[in-house]
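Chemist: Build out the structure end to end from the sequences listed, making use of the hints.
Just so you know, the sequences run in chain order A and B.
Taking the numbering used here, the leading residue of the first sequence gets 113, the next gets one more, and so forth.
Taking the numbering used here, the leading residue of the second sequence gets 24, the next gets one more, and so forth.
Hints should not be assumed to be uniformly reliable.
Heads up, simulated SDA-like pairs for lysine to any residue below, C-alpha to C-alpha not over 20 angstroms straight-line [stated by the list, open to error]:
#1 A/K526 to B/R77
#2 A/K544 to B/L75
#3 A/K548 to B/I140
#4 A/K347 to A/V357
#5 A/K544 to A/D573
#6 A/K370 to A/I343
#7 A/K520 to A/S510
#8 A/K435 to A/Q423
#9 A/K466 to B/W35
#10 A/K544 to A/E568
#11 A/K547 to B/L75
#12 A/K466 to B/L150
#13 A/K548 to B/W152
#14 B/K153 to A/T551
#15 A/K471 to B/L150
#16 A/K544 to B/P161
#17 A/K115 to A/N197
#18 A/K466 to B/A29
#19 A/K466 to B/F162
#20 A/K209 to A/P195
#21 A/K141 to A/A194
#22 A/K526 to B/L75
Simulated from the structure, these hints should not be mistaken for lab results.
Remember, it's a predicted structure, so these values are computed and weren't measured experimentally.
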Amino acid sequence: MSKLYVFGIGGTGARVLKSLSFLLAAGVKCNSTSIVPIIIDPDAANGDVNKTVDILQRYKSIRSKLSFDGETSNAFFKTDIAPLNSNFRLNIQDSKKKFREFIDYQNLDKNNKALISLLFSTKNLNADLEVGFKGNPNMGSVVLNQFNISKDFSDFASSFSQGDRIFIISSIFGGTGAAGFPLLLKNIRAASPNLDNHSLLKNAPVGAVSVLPYFGVKRDEDSDIEKSTFISKTKAALRYYEHGVNDSVNSMYYLGDKLVKDYDNHEGSTKQQNDAHFIELASALAVLDFSNDTDVSNQKVREFGVENSNQNLTFNDLADQTKTDILKPLSQYYFFHLYLKNELRQNLGADFAKRLNIKEPFLNEDFYQKLNRFNDYFWEWLQQMSSNERGFSPFTLSNDIDLFNSIKGLKPNKNFMFETNNYERFTSFLNKKAKKMNTSEKTENRFMEVFYKTTEELMSDKYKQ
Amino acid sequence: MKNLIANIYEFWGGAHLGPFSEDMYSIGQYFPIALYSIITALLITIIYYYILDRPGTAKRSIWLIALLLGGIFGFIIAFVSANNGLTELYTNLGVPVPLEYTSDMLQFSFINVFWTIILIFLLSITLKWKSTNSSYIPF
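Modeler: Here it is, written out as structure tokens:
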């Protein structure tokens, strides 16, 4: 029973956790029995963070209704997501004030004030910490350097046990991630003796992904964030990481892309809701790669590559291993979502629904409602990745009847006789699978099990080589 | 067996059609009609539950159509067989088939429709369980 603590720092950290949730929901292999996501972002109202928290809470709630034992085939939502606290966040103390108040600038002596003016601009000093560090890691490194006095961090230390692992997600070109990652690492590797399990923490296997610039922001005179600084900030941070970080991490993943799209320039808060990006999916795969790595005792540095550098990637453009890891589960979940969205309600009279007791009231229950909303997020995630640059659009994202032609680059097999329409075939497979199922299970379990088995068989039946 | 089938068609005397029933019994026409009707009912049930069997046909309305089809076949089987048998009988006797037999044949054909439908219903209840898509049809 090993846990993987995944720290998502800043907006990128939150978005990678979002991608991770969808991969886990789809049943992508994860050797850890549970994932403990911990979001670190002082920007309390950050749109990306709040959306991720909502997704994680829905995942947790859906997962709590399911049980997994030796007889369960279902891999949808198989990995448990266990929060450290109710909002999945590591709360930063005193982060709701101006930076000058935080460092008690007023009461510094003349020499220290001079030093501060060397390190921080007047704009920095007057910055409101409530919206994050607006791309200023120099501020972040001061504010975030208080992990050891945070209650959430000590709760994390107390719950850490032998065999658990830690993974840290951050971007290198912003403020919160670039500053938070080395600090967090320092607080783990040099864990205070006051913390429970401090010796375990010091020697814990730690993996990290540092995301290099993969998007830009539109020029805005009123904003402190400027994309022209991204590369220089990255270079400076990489130089620091070379000596201050890389040696302390067991597995280091670097990810980036030359092709970038300029997003609207929002310094933070609710408006910061960047579209999902393939790099975030690749970062989430780094988390899973670390989780599934049987030997993390040696230091490793890993990069991620694709087979064809197309503007819009499909499954066929991915490297073989990545394709093997995600094609089947993501496609299964995609079919599952489409069926729920377009067909389930009309098919409550079908054999499988009657046999498994899936009736109208079930669709109004909290479990199904949460699943529905989670799936809407999944769909939005796919849509955003598809329209981003570089795009990842493995599916047609069409709601029409031609379900089996919706995986780009994969040609479905034709059946010899009685070619039924796509959804009818789906229903027929559901009926067939439901016949062999244990009806004593809870409805939620039966529901997920039948859809997992069916989509699995559809994948092997329709796309066998 | 011959008596049993005759009793079934005549509703144990309740639907005895006089000379028509006597003639049908004497030429042994009840048995082949019953046999063809049973085969038809069985075929329709098997085709519906195991050959056509798909989610689109797993509807009570489609099952009712199968039932209706069974009834139509039952009617045709009864009418044609009775007509052929009786025509042969009366041709051999050298007299025409009595005119009132037409309405008797119609009445008898409807009785066969009734029994064919009952049979399809019973076969449906018996055979539906193993059907992939239609095991909850008609209920």
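Chemist: Confirm or reject each hint.
Modeler: Checked hints:
Between A/K526 and B/R77 the CA atoms are separated by roughly 17 angstroms; this keeps the pair inside 20 angstroms, and the hint holds. Only pairs whose Cα atoms come within 20 angstroms are accepted, and A/K544 paired with B/L75 is accepted, the gap being roughly 15 angstroms. For a cut-off of 20 angstroms, the pair hint linking A/K548 to B/I140 is broken: about 31 angstroms separates their Cα positions. For the hint pairing A/K347 with A/V357, the CA-to-CA distance comes to about 14 angstroms; that is within 20 angstroms, so the pair holds.
A threshold of 20 angstroms between alpha carbons decides the hint, and for A/K544 with A/D573 the separation of about 14 angstroms falls inside it, so the pair holds. Between A/K370 and A/I343, the direct Cα distance comes to roughly 11 angstroms. Compliance with the 20 angstroms bound is thereby established for this hinted pair. At roughly 11 angstroms between alpha-carbon atoms, A/K520 and A/S510 fall within 20 angstroms of each other, so this suggested pair holds. Between A/K435 and A/Q423, the direct Cα distance comes to roughly 18 angstroms. Compliance with the 20 angstroms bound is thereby established for this hinted pair.
Pair hint A/K466 plus B/W35 does not hold up; C-alpha atoms about 41 angstroms apart against a cutoff of 20 angstroms. For the proposed pair A/K544 and A/E568, the alpha carbon gap of about 13 angstroms is at most 20 angstroms, so the pair holds. With a CA separation close to 18 angstroms, the supplied pair A/K547 and B/L75 stays within the 20 angstroms bound. With a C-alpha separation of about 18 angstroms, the suggested pair A/K466 and B/L150 falls inside the 20 angstroms cut-off, and the hint holds.
Between A/K548 and B/W152, the direct Cα distance comes to roughly 13 angstroms. Compliance with the 20 angstroms bound is thereby established for this hinted pair. At most 20 angstroms may separate the alpha-carbon atoms for a hinted pair to count; B/K153 and A/T551 meet this at roughly 16 angstroms. For the proposed pair A/K471 and B/L150, the alpha carbon gap of about 25 angstroms is over 20 angstroms, so the pair is violated. The suggested pairing of A/K544 with B/P161 holds, with an alpha-carbon distance near 18 angstroms, which does not exceed 20 angstroms.
The straight-line distance between the Cα atoms of A/K115 and A/N197 is roughly 15 angstroms, inside the 20 angstroms bound, and the hint therefore holds. Between A/K466 and B/A29, the direct Cα distance comes to roughly 41 angstroms. Violation of the 20 angstroms bound is thereby established for this hinted pair. Distance hint between A/K466 and B/F162 is fulfilled; the C-alpha atoms sit about 10 angstroms from each other, no more than 20 angstroms. Of the pairs offered as hints, the one joining A/K209 and A/P195 is violated, with about 27 angstroms between alpha carbons and a cut-off of 20 angstroms exceeded.
Taking the CA atoms of A/K141 and A/A194, the gap is near 17 angstroms; set against the 20 angstroms cutoff, the hint holds. Among the hinted pairs, A/K526 with B/L75 is consistent with the structure: their alpha-carbon atoms are about 19 angstroms apart, no more than 20 angstroms.
The structure fails hints 3, 9, 15, 18, 20 (numbered hints given earlier, in ascending order).
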